[in-house]
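Participant: Taking the hints as your guide, dock the two standalone chains into a single complex.
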Amino acid sequence: ELKVEQNPLFLSMQEGKNYTIYCNYSTTSDRLYWYRQDPGKSLESLFVLLSNGAVKQEGRLMASLDTKARLSTLHITAAVHDLSATYFCAAYFTGNQFYFGTGTSLTVIP
Amino acid sequence: DTGVSQDPRHKITKRGQNVTFRCDPISEHNRLYWYRQTLGQGPEFLTYFQNEAQLEKSRLLSDRFSAERPKGSFSTLEIQRTEQGDSAMYLCASSSSGPRYEQYFGPGTRLTVT
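Order-wise, the sequence lines are chains A and B.
Numbering-wise (this note's numbering), the first sequence opens with residue 3 and increments by one.
Numbering-wise (this note's numbering), the second sequence opens with residue 43 and increments by one.
Quick caveat, the hints were computed from the structure, so don't treat them as lab data.
Computed from a predicted model, the values in this text were never measured in an experiment.
Backbone N, C-alpha and C define an ideal beta-carbon position, used for all residues, glycine too.
Hints are not guaranteed to be accurate.
Not the full set, but computed from the structure, chain A residues with beta-carbon under 8 Å of chain B [unchecked claim]:
{"#": "1", "residue": "Leu45"}
{"#": "2", "residue": "Val50"}
{"#": "3", "residue": "Leu52"}
{"#": "4", "residue": "Tyr94"}
{"#": "5", "residue": "Asn98"}
{"#": "6", "residue": "Tyr101"}
{"#": "7", "residue": "Gly105"}
Below, in silico cross-link-like pairs of lysine-lysine (DSS-like), each with a Cα-Cα straight-line distance of 27 Å or less [said to hold, decoys possible]:
{"#": "8", "chain 1": "A", "residue 1": "Lys58", "chain 2": "A", "residue 2": "Lys70"}
{"#": "9", "chain 1": "B", "residue 1": "Lys99", "chain 2": "A", "residue 2": "Lys43"}
{"#": "10", "chain 1": "B", "residue 1": "Lys113", "chain 2": "B", "residue 2": "Lys99"}
{"#": "11", "chain 1": "A", "residue 1": "Lys43", "chain 2": "A", "residue 2": "Lys5"}
{"#": "12", "chain 1": "A", "residue 1": "Lys19", "chain 2": "A", "residue 2": "Lys58"}
{"#": "13", "chain 1": "A", "residue 1": "Lys43", "chain 2": "B", "residue 2": "Lys56"}
{"#": "14", "chain 1": "B", "residue 1": "Lys53", "chain 2": "A", "residue 2": "Lys43"}
{"#": "15", "chain 1": "B", "residue 1": "Lys113", "chain 2": "B", "residue 2": "Lys53"}
{"#": "16", "chain 1": "B", "residue 1": "Lys53", "chain 2": "B", "residue 2": "Lys99"}
{"#": "17", "chain 1": "A", "residue 1": "Lys5", "chain 2": "B", "residue 2": "Lys99"}
Here chain B stands alone, though its shape is the one from the complex (with noise of 0.2 Å):
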């Protein structure tokens, strides 16, 4: 049973780096989610893709942030110029089209920028 996978697990950098995340989602799901969780907090959206196309993104998202996905099937997340305010967990999460939408979620991809 192969779920939703992400690389790195953890990634230190220093402010002003560029870092990029994988995503590898449920091999049968068209939907895949990104979102970022501070601690204490419940997960935030950030981007959805249905397929290789990235039909939402939140207004909370800087144009420093940018996702792929470009043959629907894994994803990556790029952050550019991090800042200090960027050390979060991203999470990845992929759901089939529906109606459920039941997202299933990855491990995560623990950010801290120094």
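With the rest of the complex left out, here is chain A (with noise of 0.2 Å):
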């Protein structure tokens, strides 16, 4: 069965603490996504990781990925009041389809 999963599902987190967002997937996948979606809003594309070995980072944020492990995490360094957000994570299977995480709902308290 195809499948992602992310956890945790929810988490609060203060500002300036440190935190990491896993994604694990079923089965091979050379392609991992992650993406941002504000309440109300469509997503916004904030990594694409296409090896193993591969690392992204954009500000705050870094993305990493094992394909032999079939995880990815996303890091969240000194975490600020604008990350709150939730966060998918997408595999790209055989066949062109896209499979999404559940999930992580992420709230920065001040």
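Facilitator: Next comes the structure, spelled out in structure tokens:
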């Protein structure tokens, strides 16, 4: 079964703290994506990870991919309120299908 | 900078009616995807077009749903005989051929079936 699982589903963190969101997928994939979604809005692309060991960073967010472990992480450094949103990972599986995780709802508390 | 557009943004319909949504992708993108998203869930893949050809369709997609992309540009998604369970946000995304397959999403059409 093709599946993408994220944890945690909900994350409340204080400003200035670090945390990691985990994304596991069920079968071989060589493309992993991270998106951000604000309430009532559409999805904004954050990162595209194309190979084992890929690491991408943008501001306080850093994403990595371990294809052997079928695991991607999204690390948040020194969180700020503006990062509050829902974050989704998605894996590309053969057959041109993208499977999304259920999302991690992040709230950054001042 | 013209992104992906969708029309309408909101649609309220009575159960049993047919509805049609339109998606205009980024002009140079030949791949187009439709997704459905319900509250608290991630987008669920519905179907995929490369140019005008519909190449993939989710097994979850009932035969009440049909999608077209007649000239490889805009696409339409039609739902016939709507049911309350069809209430959701319908998202369209487009991408170029690769290798990144990075998808750019439209604002979505929120469907409410009463």
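Participant: Each hint: holds or not?
Facilitator: A quick look at each hint next to the structure:
no. : hint                 : verdict
1   : Leu45                : holds, 4 Å
2   : Val50                : holds, 5 Å
3   : Leu52                : holds, 7 Å
4   : Tyr94                : holds, 6 Å
5   : Asn98                : holds, 5 Å
6   : Tyr101               : holds, 7 Å
7   : Gly105               : holds, 5 Å
8   : A:Lys58 <-> A:Lys70  : holds, 18 Å
9   : B:Lys99 <-> A:Lys43  : holds, 25 Å
10  : B:Lys113 <-> B:Lys99 : holds, 19 Å
11  : A:Lys43 <-> A:Lys5   : holds, 24 Å
12  : A:Lys19 <-> A:Lys58  : holds, 20 Å
13  : A:Lys43 <-> B:Lys56  : holds, 25 Å
14  : B:Lys53 <-> A:Lys43  : holds, 16 Å
15  : B:Lys113 <-> B:Lys53 : holds, 25 Å
16  : B:Lys53 <-> B:Lys99  : holds, 24 Å
17  : A:Lys5 <-> B:Lys99   : holds, 17 Å
Violation of the numbered hints given earlier is absent; every hint is satisfied by the structure.
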